[in-house]
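Asker: If you're matching positions, the sequence shown starts at 1 in the working numbering and goes up one per residue.
These aren't lab readings, by the way, just hints derived from the structure by calculation. Just to be clear, a hint being listed does not mean it is correct.
Said to hold, decoys possible - Straight-line distance between alpha carbons at most 25 Å, and here's what the computed DSS-like set of lysine-lysine pairs gives:
#1 LYS26 - LYS83
#2 LYS35 - LYS118
#3 LYS50 - LYS137
#4 LYS61 - LYS26
#5 LYS118 - LYS20
#6 LYS95 - LYS83
#7 LYS20 - LYS50
#8 LYS61 - LYS35
#9 LYS50 - LYS26
Stated by the list, open to error - The following label-pair restraints were derived from C-beta to C-beta distances:
#10 GLY106 - GLU48: 34 to 40 Å
#11 THR89 - TYR64: 17 to 23 Å
#12 PRO120 - LYS61: 38 to 44 Å
#13 GLY87 - LEU122: 28 to 34 Å
#14 GLU103 - LEU24: 31 to 37 Å
#15 GLU48 - PRO112: 34 to 40 Å
#16 TYR64 - THR27: 33 to 39 Å
#17 PRO101 - SER66: 30 to 36 Å
Fair warning: this is a prediction, and the values are worked out from it, not measured in the lab. Don't be surprised by glycine CBs; every beta carbon is placed ideally from N, CA and C.
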Amino acid sequence: MVTIDATGLIAGRLASYAAKQALLGKTVMIINAEKAVISGDVRRTINEAKYKKFVRGVPRKGPYYSKMPDRYLRRIIRGMLPKTVRGRTAFGRIKCFIGTPAEIGGEAITLPEANASKLPNLQRITIGKLCTELGGKHYG
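Construct the complete structure from the given sequences, taking the supplied hints into account.
Answerer: Next up, the structure:
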């Protein structure tokens, strides 16, 4: 089992690492999903997410985009997995959490190559703030 603390990590790099570990057969637990970062222009990121959620599909028929940070990050990871039985079983091994649940023990790893502080002075938004902009609860 691999436990990853998503605080200050770039969401795409975190997602690709988690997807690879799940494909290798490991259970992946991601804590503090609301603190993962999406780099880039903040307004553009929010507008793209709103376009996906409200304009692209019919609300009753889908595609469905969640307003919860843990489910939002899980959907990002889902896009990096193959659309086969192997990918679906790997997706079942991925768990994302808002905050740190009490039942998860042990040491949570962080990914130095995915740390957002190594990037130059870029604009960035956390997944929690993005989901708040989409109409979700305040997650930080």
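Asker: Given the hinted pair LYS50 and LYS137, is their alpha-carbon gap at most 25 Å?
Answerer: 16 Å, holds
Asker: Has the given pair, LYS50 with LYS26, been kept, meaning a C-alpha gap of at most 25 Å?
Answerer: 33 Å, violated
Asker: Assess, step by step, whether the Cα of LYS61 is no farther than 25 Å from the Cα of LYS26, and give holds or violated.
Answerer: 33 Å, violated
Asker: State, for the Cβ atoms of THR89 and TYR64, whether the hinted interval 17 to 23 Å holds or is violated.
Answerer: Holds, since THR89 and TYR64 (Cβ atoms, about 22 Å apart) stay within the stated range.
Asker: CB of PRO101 to CB of SER66, is that within 30 to 36 Å?
Answerer: 19 Å, violated
Asker: Measure nothing beyond the straight line between the CA atoms of LYS95 and LYS83; if it is 25 Å or shorter, mark the hint as holding.
Answerer: Holds, at roughly 18 Å.
Asker: Just to be sure I understand the hint, the distance between the Cβ atoms of PRO120 and LYS61 should be within 38 to 44 Å; is that true here?
Answerer: 41 Å, holds
Asker: For GLY87 and LEU122, compare the CB-CB distance with the range 28 to 34 Å and indicate the outcome.
Answerer: Given a distance of about 31 Å, which is inside 28 to 34 Å, the answer is holds.
Asker: Does LYS20 lie within 25 Å of LYS118 when you go C-alpha to C-alpha?
Answerer: 22 Å, holds
Asker: Given the hint of 33 to 39 Å, is the C-beta distance from TYR64 to THR27 inside that range or not?
Answerer: 25 Å, violated
Asker: Starting from the hint 34 to 40 Å, judge whether the C-beta atoms of GLU48 and PRO112 obey it.
Answerer: 28 Å, violated
Asker: Would you check the hint for LYS26 and LYS83, treating anything up to 25 Å between C-alpha atoms as holding?
Answerer: 18 Å, holds
Hint compliance for this structure: hints 4, 7, 8, 9, 14, 15, 16, 17 are broken, all remaining hints hold.
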